[in-house]
Amino acid sequence: MRRCLLALLQCLVVLVAVFVVGTRLPGDTADVLRGELGTPEQVEALRARLGLDEPAPARFAHWLGRLFTGDLGTSLTTGVPVGDDLGRRAGVTLALGVPALLLVTVLAPLVGTVSGLREGSRPDRALNAAALVLHSVPEFVLGLLLVASLSLWAGLLPATAVGMEPGDLLARPAVLVLPVTVLTARHLCDLARQVRAGVAAQRHGAVAEHLRLLGLRERTVVLRHVLPGALGAAAQQYARCVEGLLGGAVLVEALFGLRGLGDGFVEAVQNRDLPLVQTYALLFAGTAVAVNLVADLVAHRLAPRRELTA
Amino acid sequence: MSAPDGPYAPPRARRPRLPWAALVLLGVPVLLAVLGPLLYGGDLAPADGALPSRPPGGQHPLGTDVLGRDVLGLVLRGGASVVGGAVAALAVGMAVGVPLGLLAAGPSRRLDEVVMRTSDVLLAFPGLLVLMTLAATGHRAWGWPVAVAGLLQVPAVARLVRGAALAPGARTVVEALRMQGHGWAYVQLRHLVRESAGPLATDAAGRFTTVLYLLASANFLGLGLPASSPDWAVLVERNRDALFLQPAAVLVPAGLLTALCVGGNLLVDRALARGRGLM
Chain U
1341 MRRCLLALLQ
1351 CLVVLVAVFV
1361 VGTRLPGDTA
1371 DVLRGELGTP
1381 EQVEALRARL
1391 GLDEPAPARF
1401 AHWLGRLFTG
1411 DLGTSLTTGV
1421 PVGDDLGRRA
1431 GVTLALGVPA
1441 LLLVTVLAPL
1451 VGTVSGLREG
1461 SRPDRALNAA
1471 ALVLHSVPEF
1481 VLGLLLVASL
1491 SLWAGLLPAT
1501 AVGMEPGDLL
1511 ARPAVLVLPV
1521 TVLTARHLCD
1531 LARQVRAGVA
1541 AQRHGAVAEH
1551 LRLLGLRERT
1561 VVLRHVLPGA
1571 LGAAAQQYAR
1581 CVEGLLGGAV
1591 LVEALFGLRG
1601 LGDGFVEAVQ
1611 NRDLPLVQTY
1621 ALLFAGTAVA
1631 VNLVADLVAH
1641 RLAPRRELTA
Chain G
279 MSAPDGPYAP
289 PRARRPRLPW
299 AALVLLGVPV
309 LLAVLGPLLY
319 GGDLAPADGA
329 LPSRPPGGQH
339 PLGTDVLGRD
349 VLGLVLRGGA
359 SVVGGAVAAL
369 AVGMAVGVPL
379 GLLAAGPSRR
389 LDEVVMRTSD
399 VLLAFPGLLV
409 LMTLAATGHR
419 AWGWPVAVAG
429 LLQVPAVARL
439 VRGAALAPGA
449 RTVVEALRMQ
459 GHGWAYVQLR
469 HLVRESAGPL
479 ATDAAGRFTT
489 VLYLLASANF
499 LGLGLPASSP
509 DWAVLVERNR
519 DALFLQPAAV
529 LVPAGLLTAL
539 CVGGNLLVDR
549 ALARGRGLM
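Protein sequence lines, in the order shown, are assigned to chains U and G. Going left to right, the first sequence walks through residues 1341 to 1650 as the numbering used here numbers them. Going left to right, the second sequence walks through residues 279 to 557 as the numbering used here numbers them.
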């Protein structure tokens, strides 16, 4: 219950912050639209028409009202309604994020558990070292190296997806292989290491020891106790990863020329297109808040001892 | 005496060895970043008649970049902003986070609630997106991304310090110190800070790579330093189209960045494994 209140509060903070960022700029939308060409009277008239002469709290209420009715405004540079732009880009981001998410969800607990149950063995040490290195290599470096070696040098996979629509992407999955790999690598390694540490710690914990003394089989101990405990601890990390994958993999999209949400955000930032920036910021922060809420609830369910305010 | 053996024996503590690989990986980029600017005092602007993207040789031991600048000089000068930015951001995070954590662990429960709830609210925001929103609103001078990257670390640092100061053992010692007549400042600043120094140091090393990664990503996306800066991440971005023409201009800065991150994480991992083994 308190956790849900916190999430609501977070949403409110995001809304206010996004609005303040929008209003605190030197110059407002009217100045930007008219540029240097308009006379002061014209700018003033436009300002009145857009409702920019109202006091800030009134405008905030106004903006919030339109937000809830689904009117996100129009882009300053293209004049396209923000909603349309978002819809087109969300397809690309999903085509990228969903496979990556599936890979991480399946592989991370698997690798982490296998590794954690054999802590200190040779395969474990090798896996752990590989995960550590892959996790540490910056995404843009990994992407560059993969493109250079696999696509430009060996010619195995396409290097970019410049100018492709979501439909084309699904028709030619080869284009997605490299972006998804780069996107998956970091999160997968991060999560697998977390699960491994959790499994290794739980396996030698007092509770597991006690269950063994009670005569439970090792398999039961691992499946019913060790694994839930380790996954509960990793749920937070998983939330970060979901939010990173779905909330626009900014770097990967920039690297491969994919026109997804992250790329849209960068473009909006570069054009200083505030209605767009506000919407993107709201979307990403909203996703983050929602995913974190779910993660906390799941973590609580899997490992009830871990208090929220630990 | 032989250690207990069998299937449930605790993992054996390995002999402490100096982590040479990690130290070298971390040391080379840091040394370059610190000493580089002293070694190369010259002008970075391309010399007259210098050709862009020339392979190594002649006057330029590592060749030239897309603008015809000497890659060796750029690399020597570019580390300062990478390492300096990360250290500065970390300092900001610590300077705000440690007092907040101590405050939260103090006697006032209401203060604790306020500090912790506020940091909960901030914890959910993805760093890169905050940096991008800042860039969109014109805050793109060097100080802004660094300060924000630092402030983003505050909730985690405050949480850690609060946890260490509230640990049952620490509480007892605090009571004892207070009964001996030591003042608030002595207890807070001498005892509790020392108490949390260990976990804080490990966390700081991990956080260093996080911040480094964040700032490098922002610079790579062109959201931080100007495009003419010799920063390693900016160099990688500028020269990536000429990767095959002049590999050194991309691979050297990229390798240094990677070495820094890998080395830092290796050290942290070791420290954490040690901590687990000792417990």
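Hints are not guaranteed to be accurate.
Cβ pair distances, simulated, as ranges [what the hints assert, rightly or not]:
id, chain 1, residue 1, chain 2, residue 2, range
1, G, 388, U, 1597, 27 to 37 Å
2, U, 1356, G, 391, 13 to 23 Å
3, G, 454, U, 1438, 26 to 36 Å
4, G, 476, U, 1473, 41 to 51 Å
5, U, 1421, G, 471, 27 to 37 Å
Residues of chain U placed beyond 12 Å of chain G at every Cβ, according to the derived structure [what the hints assert, rightly or not]:
id, residue
6, 1381
7, 1430
8, 1434
9, 1445
10, 1447
11, 1463
12, 1466
13, 1497
14, 1512
15, 1584
16, 1608
17, 1617
Just so you know, the hints here were simulated from the structure itself, not pulled from any lab data. C-beta atoms are modelled at their ideal positions from N, C-alpha and C, and glycine is treated no differently.
Numbered hints the structure breaks, given as an ascending list: The structure conflicts with hints 1, 3, 4, 5, 15, 16, 17, although it agrees with all the remaining ones.
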